[in-house]
Every structure is written in C-alpha cells, then in structure tokens.
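*Asks:* From just these sequences and the hints, can you work out the full model?
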Amino acid sequence: MSRTAHRLKTLYWPETRLLMRLALPICGAQLAQAGMSVVDVMMTGRQSATALAAVSVGSSLWMPLMLFMTGTLMGVTPIVAQLLGGQRHDEIRPAVHQALWIALLLGIISAALLWLAVMPVFKLMSVPPDVALASSSYLSALAFGMPGVALFQALRAFSDGMNHTRPALWISLIGLGVNIPSNYLLIYGGDGLVDLFGPLIVPGFLQNLPALGAFGCGIATALSMWTMALSMVLYTRRGRTYGRVNLWQRITWPEWNGLRELIIVGLPIGIAIFVEVTLFTLIALFIASLGEITVAAHQVAFSYTGILFMLPLSLSMALTVRVGNTLGQARPDMARLVAWHGIAISLAAAAINSTLLWVTGEWVMSLYTGNPQVQQLAVSLITLAVFYQVSDALQANLAGALRGYKDTRIVMLITVLSYWCVGLGGGHWLGTQGAGPFFAPLGVHGYWLGLIAGLSTAAALLGWRLHHISAKTQRQACPSA
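Count along the sequence shown from 1, then add 909; that gives the number in this note's numbering.
Treat the hints loosely; a few may be bogus.
[Stated by the list, open to error] Pair by pair, the computed Cβ-Cβ distance ranges are:
| id | residue 1 | residue 2 | range |
| --- | --- | --- | --- |
| 1 | A958 | A1193 | 15 to 21 angstroms |
| 2 | R955 | W1329 | 44 to 50 angstroms |
| 3 | W1267 | R1384 | 41 to 47 angstroms |
| 4 | R930 | D1104 | 42 to 48 angstroms |
| 5 | R930 | G1215 | 22 to 28 angstroms |
| 6 | A1380 | R1146 | 37 to 43 angstroms |
Hint data in this document are derived by calculation from the structure and do not stem from the laboratory.
All values derive from a computational prediction rather than experimental measurement.
C-beta: ideal position from N, C-alpha, C; glycine also.
*Replies:* Here it is in structure tokens:
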C-alpha cells in the first residue's frame, strides 16, 4: 500500500467520519431552530397582515440579541473541548457553571431591552402605530423566553464540546414540536381549533379561547425556549456521556478567572456574529429603496442560499470541537492537520452547494414566487451566489478552526474589516455609485458583489491567521523543531 493510500485510510478518512458525525446533528439542530421562525411567519401571515408585520419587525430586534448571546456562549465549546482532550474532567463543571451565570445575565439583559427599549426604536424606524403596538406585545411575551434560550445555548455549547452533538438536534425538534401546536392555539384561539377539528371535537372551554395573534406567537416562542432549556438541563443531568463531569453535583458560584476566560474567548465571537447579522440587515434596508421587485428577489435568493449555508456552518462548529480536543491532548501538529483537513472538507461542501444552486436555482425560485420579474432577478442573484459559496464556506470554517485555538479577537477584527468595510461599504458603493466611467450603479447586484468581495477578503485574512497561529502553537510545543 502506498504512503498516500495509507494516510487516507488511517488518518484522513477516520477524521472525515468524526467531523461529519459531529456536524450532521448540528446541521439538523440549526434547521429545526430555523423552522421555528418559518412557522411563526407562516402562521401569523395567515392570521392577519398586521400580525405578520409585527412578528417580522420584532424578529429584526430579538434575533440579533439571541445570536449575540449564542456567539458569546459558543466560547464554552473550545474551552470544554480542550479540557476534555486533556482529560481534565474536574475543571469542566466549574467552567460550564461560569457560562451558565453569564447566560442568565445576558438573558435577563436581553429581556429588559425587549421590554423597555423597543418603542423608541420603532419610532426611529417609522413603524406604523398598529404594527408597533402589536410587535411590542409580541416582544414583551417573547422576552420571558430569552433567559431560557441563553441557558439552552450554554448547555448546548457544553454538550458540543463533549463531542455529543445529537442532544441539541433532538431537543431542538422537541422545541419545534411545542412551537407548532402552541402557535396555532394561541395565534388563532378557539375559532382556529374549531375550523381545524370541528365544533363537536373541541371542548367548550377551548372554543372560548381568544385569538391573540402576534402576542400569542410571542408566548408560544417563549414556551419553546424554556422547553428546550429544561430538556437540556434534564438530559445533561441524566445522560451517561456527562457522568465524569458531574455537572449538577453542586453549584459553582461566579469566579472572576472563569468568567474572564469565557468573556475573552466568547465575547469576540458574539460581536463577530452580530457584525455578520447587521451586515445582512443593513443591506436589506439599503435595498428597500430599490423597489418591491428587487426586495422580493433579494429575499427569496438569500433565503435559499441561507438554507444551503447550514452545512458549512455546521462543519465550522464541528471543526471547533475537533481542533479543541486535539489541542487539549497536547498534539499541536495533529491539531494543525485536523484544521486544514476540515478546511478541505468545507471546500467539498461548497462545491456541492454551488452545484445545487446552479442546477436547481431557477426551479427553486419558481417555488418561492410566481412573479416572472422576481424570478428572473432572483435567478441572476443565485448565479452570483454560485461563486461566493467557496469564500463563504472557507471563511466560516477558518473561523471555526481558529475558535478551536481560542483565537477569537483577531477573528473579530477581521470580520469587522471584511464585512462592514469591504462587504457593506464596497457593496453600497457599487450599488449606488458604480465605478465612474467604467460602469453605472449596479443596484442589488452591486450589493451582492460587495458580499463576494467581503467574504473573499475574510477568507484570505483568516487563512493567513490560521497558518500563523497553528505554526506558532506547533513551535511553542516543540521549540527545537
């Protein structure tokens, strides 16, 4: 057997299997959680236009908060992964408890912001009064779930770091299972149940339930969040995989050293994700002035590419675990190999996504909308998306590998530079100004070209950073090498 064939059989193929075993449940969990937002939109849309607008506007406020919390708490994963790799099981419980304290604090702060700060924001956004009132009630109910979702994300990050990613999938499906019926019951009330099952089957007390619209949707979402949190607590308490950690044996009160490590590792991740979210939010706001056809085309094209991005994103989260585990075993040379092998797998995923976009783009856009103008413009955007799949998958997985090294601050700076300066700034310039005598303003295509430039810049800089930090770590472990 040749040396290359031997390495494929004994090293690269087992590593690929490990990475995919971690990534696929993560991907399923991401899709299940995204499904909750889809259900919210679909059900409120059938209730009234005001309820749909209220949920859509409200989501633009609470989703960035939740993603910031999620990103910050993702710092738990490399911390736990490295401790697990080094067989330092006694140190995992206090580290996770510090994350739970931070999660509780972030959840309470987020809830307070949703209770107290939304109406001034709606006034700045010139949201119509009836929509603002309905959205405020939606957010006031949903706010009760923010501490719950923060606790769930902290425990999920702990479980991922323990190489146990399946619980997040099953518990996310449980959350979706709670979300669908509670949404229906609370949004449509007793009349909706009668329409669905008939008056003879629905008990009288349920027939009298009021239709709460957007407010009911907020209650249902909060119930789902707490269901997921409590389910994760129960699973981590009884699951055999976590037995060596004894997570719930006793409480570890807040300690500055533990809090500081999570803040140093996790806060830059939260900021980087917030920057990414605001990039797409601001682009959507800028595109809004280009007309409803353009807005619709951008939305449907972005929706499809967002679904396909779940696989590279899940690979990046799995890569954080694998790199962290290997570093914890004091094997920096192997960690470097694991990192770059993961990058190669992400390129394969990008090739699959690009092929799917190229082959199915026109057909999928016809499923989203029957408007031929929207379809035509969306297909042209999908064509651009074919080319940025590589840079998008690369930047996500390079960042994931760097998180495994606990190297997050430089990643945050690279994200700000690439997304806001190159992606948003360049896209806005191309979209509204063009390039002087060379070509006129490109409209929505200019913004998408800016995205390609921003993602490519991020991929190049993050690739340089991974090469630097992995080589540096290897040299520090073997100074004579």
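*Asks:* Now, for every hint given, state plainly whether the structure supports it.
*Replies:* Hints versus structure:
no. : hint                              : result
1   : A958 - A1193: 15 to 21 angstroms  : 19 angstroms, holds
2   : R955 - W1329: 44 to 50 angstroms  : 37 angstroms, violated
3   : W1267 - R1384: 41 to 47 angstroms : 43 angstroms, holds
4   : R930 - D1104: 42 to 48 angstroms  : 44 angstroms, holds
5   : R930 - G1215: 22 to 28 angstroms  : 24 angstroms, holds
6   : A1380 - R1146: 37 to 43 angstroms : 42 angstroms, holds
Consistency note: the structure conflicts with earlier hint 2 alone.
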